[in-house]
Amino acid sequence: MTAPFTQGHGDPTVQPVPASVVERVDAADSTLQNPQRAVISIGSNLGNRLETLQGAVDALEDTPGIRVKAVSPVYETEPWGVEPGTQPSYFNAVVILKTTLPPSSLLERAQAIEEAFHRVRTERWGPRTLDVDIVCYAGTVSDDPLLTLPHPRAHERAFVLVPWHDVDPQAQLPGRGPVADLLAAVTREGVEPREDLELRLPE
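Residue 16 is where the sequence shown starts when you use the working numbering, and the numbers rise one by one after that.
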């Protein structure tokens, strides 16, 4: 299912889902009974950005209890929170999932995929090989400091809202309202479509 990774990239599947989670979801995996809808934002501004994003999509699909239902177009965006020109531009996309994993386990898997692509957390807003953020999980609203839902800055980030709106024009951000309305309130400056690039939906 997944394309081979070039040398220098870790294979995300070597970062296993914890055994306790696997035991809970294996039985439901074939049918995904009572799944929840989750929205994931992925981004990369180091290395082979498109290959990394595709690897993240494939790794999510390869996770027990997750099915990738839609992948947005790719956008090239200016880095968030830093001086212009101080970092390479990002490739960003949004992935829509159905999952039987609880939010905490989905977060663990997202972080494991980041680590497999050598994500380094040395500075806030620093460059990164891969960023995997949970934007929202069903209608959950939570201020848990380990995983705030929905993502506390999603409503003001065009690099999240633009691809999300592309793949789901009727989307709602819990507690904030329609994505279309949120998008109308932010600038799209620095968020450019890359129509020459495409992420494959896993088969």
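Hints are supplied without guarantee of correctness; some may be wrong.
For each label pair, taking beta carbons as the anchor points, the in silico distance ranges come out as [said to hold, decoys possible]: (1) R82 <-> D181: 15 to 21 angstroms; (2) N49 <-> R209: 33 to 39 angstroms; (3) R52 <-> D196: 29 to 35 angstroms; (4) R215 <-> E130: 22 to 28 angstroms; (5) Q185 <-> P217: 22 to 28 angstroms.
Simulated from the structure, these hints should not be mistaken for lab results.
C-beta atoms are modelled at their ideal positions from N, C-alpha and C, and glycine is treated no differently.
Now for the hints, and whether the structure bears them out:
Restraint check, R82 to D181: a C-beta distance of roughly 20 angstroms satisfies the suggested window 15 to 21 angstroms. Separation of N49 from R209 is about 36 angstroms and conforms to the stated range, judged on CB atoms against 33 to 39 angstroms. In this structure the supplied range 29 to 35 angstroms is violated for R52 paired with D196, their Cβ-Cβ distance being about 20 angstroms. Distance hint for R215 and E130: a CB-CB separation of about 23 angstroms, consistent with the stated range 22 to 28 angstroms.
Look at Q185 against P217: about 24 angstroms separates their beta carbons, and that is inside 22 to 28 angstroms.
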